[in-house]
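J.: For the protein sequence lines, the chains are C and D, in the order given.
Here the first sequence is numbered in this note's numbering, starting from 1 and rising by one per residue.
Here the second sequence is numbered in this note's numbering, starting from 151 and rising by one per residue.
Check before you lean on any hint, since a few could be wrong.
Within a straight-line C-alpha distance of at most 27 angstroms, the following computed DSS-like cross-link-like pairs (lysine-lysine) qualify [stated by the list, open to error]:
(1) C/K74 / D/K179
(2) C/K125 / C/K114
(3) D/K224 / D/K275
(4) C/K29 / D/K224
Which chain C residues face chain D? A few, computed with CB under 10 angstroms, are given here [to be verified]:
(5) F35
(6) F52
(7) G53
(8) L81
(9) V89
(10) L108
(11) E134
(12) I138
(13) R148
(14) S150
Bear in mind the hints are in silico, worked out from the structure with no lab data behind them.
All C-beta atoms, glycine included, are put in the ideal place defined by N, C-alpha and C.
2 protein chains.
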Amino acid sequence: MTAPLYYEDLSIGQTFGTGTVTVEPEMIKTFSAEFDPQPFHMDVDAARGSLFGGLVASGWHTAALSMRLLVEGKLQIVGGLIGMGAEEVRWPRPVHPGDRLRVESEVLGLRLSKSHPDRGLVRVKNTTLNQNREPVMIAIVTMIVPRRPS
Amino acid sequence: MTAPLYYEDLSIGQTFGTGTVTVEPEMIKTFSAEFDPQPFHMDVDAARGSLFGGLVASGWHTAALSMRLLVEGKLQIVGGLIGMGAEEVRWPRPVHPGDRLRVESEVLGLRLSKSHPDRGLVRVKNTTLNQNREPVMIAIVTMIVPRRPS
Numbered sequence: 001m002t003a004p005l006y007y008e009d010l011s012i013g014q015t016f017g018t019g020t021v022t023v024e025p026e027m028i029k030t031f032s033a034e035f036d037p038q039p040f041h042m043d044v045d046a047a048r049g050s051l052f053g054g055l056v057a058s059g060w061h062t063a064a065l066s067m068r069l070l071v072e073g074k075l076q077i078v079g080g081l082i083g084m085g086a087e088e089v090r091w092p093r094p095v096h097p098g099d100r101l102r103v104e105s106e107v108l109g110l111r112l113s114k115s116h117p118d119r120g121l122v123r124v125k126n127t128t129l130n131q132n133r134e135p136v137m138i139a140i141v142t143m144i145v146p147r148r149p150s
Numbered sequence: 151m152t153a154p155l156y157y158e159d160l161s162i163g164q165t166f167g168t169g170t171v172t173v174e175p176e177m178i179k180t181f182s183a184e185f186d187p188q189p190f191h192m193d194v195d196a197a198r199g200s201l202f203g204g205l206v207a208s209g210w211h212t213a214a215l216s217m218r219l220l221v222e223g224k225l226q227i228v229g230g231l232i233g234m235g236a237e238e239v240r241w242p243r244p245v246h247p248g249d250r251l252r253v254e255s256e257v258l259g260l261r262l263s264k265s266h267p268d269r270g271l272v273r274v275k276n277t278t279l280n281q282n283r284e285p286v287m288i289a290i291v292t293m294i295v296p297r298r299p300s
């Protein structure tokens with residue numbers, strides 16, 4: 001475990017990895033029952049007749065699982081991982097039961113906050129990959145990162 | 151309950167509402183324990199010392215709750231609500247315990263799919279509002295919407 005990073009510790013092109021999570025069918029059903037109760041996320045038989053042709057995880061479930069991986073991953077920021085938003089979120093292919101996910105993060109850009117001189121804003125591309133190294137979610141997010149006290 | 155909509159039923163400027171959900175403190179803690187275990191989402195005392203100054207919901211929790219509202223809301227699409235991604239996701243202010251959320255959807259754009267002639271792609275701005283009508287999440291998403299069979 002290395003010390004959490006300040007804005008000054010980050011630079012464009014740095015990459016950070018995470019551990020993995022295997023998406024069990026029950027996880028898909030439990031999440032979707034609470035947050036995205038649509039047939040293709042809930043029921044194998046109903047999912048067969050859908051656009052997906054089978055049971056798939058909600059995209060927001062993939063997002064939430066990716067967040068968990070990031071919180072426990074290598075990119076540790078002082079004060080925590082706090083996102084202002086994303087300029088792009090894509091789900092290029094579905095997540096199926098049994099898929100094993102991990103996230104790769106790449107620093108795309110850095111700038112100082114105009115309103116808060118003690119903070120920087122860091123653009124990070126988070127790519128969630130399945131066990132075949134295929135991207136299942138790509139999010140370009142902007143994070144709030146404290147500057148190192150001088 | 152009106153019939154679910156096809157691509158041809160949608161037009162720019164249409165708006166659709168949802169019901170509401172009240173975000174109880176236990177919901178915030180349960181979600182964050184599983185998906186975003188950071189102090190400002192987990193523990194009132196620890197949250198006081200964070201950037202937020204108090205317990206707030208994970209942005210991905212707000213996203214998931216918004217999805218639930220949408221699935222049960224007025225914008226019903228044939229085949230379900232299926233997003234390809236978002237070109238913008240923002241959390242302009244945090245969601246606090248006790249906040250009551252709802253979503254307003256506005257159709258921003260429509261185009262036919264080039265790869266799938268039986269589908270259209272519909273850009274929708276989903277704004278999640280709290281009980282003071284303040285936006286807590288804004289997502290501009292692209293949804294896959296079937297064309298009416300001719």
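J.: All hints are to be evaluated individually against the structure, with a verdict given for each.
T.: A quick look at each hint next to the structure:
no. : hint            : result
1   : C/K74 / D/K179  : holds, 24 angstroms
2   : C/K125 / C/K114 : holds, 22 angstroms
3   : D/K224 / D/K275 : holds, 14 angstroms
4   : C/K29 / D/K224  : holds, 24 angstroms
5   : F35             : holds, 4 angstroms
6   : F52             : holds, 8 angstroms
7   : G53             : violated, 12 angstroms
8   : L81             : holds, 7 angstroms
9   : V89             : holds, 4 angstroms
10  : L108            : violated, 16 angstroms
11  : E134            : violated, 16 angstroms
12  : I138            : holds, 8 angstroms
13  : R148            : violated, 16 angstroms
14  : S150            : violated, 19 angstroms
Hint compliance for this structure: hints 7, 10, 11, 13, 14 are broken, all remaining hints hold.
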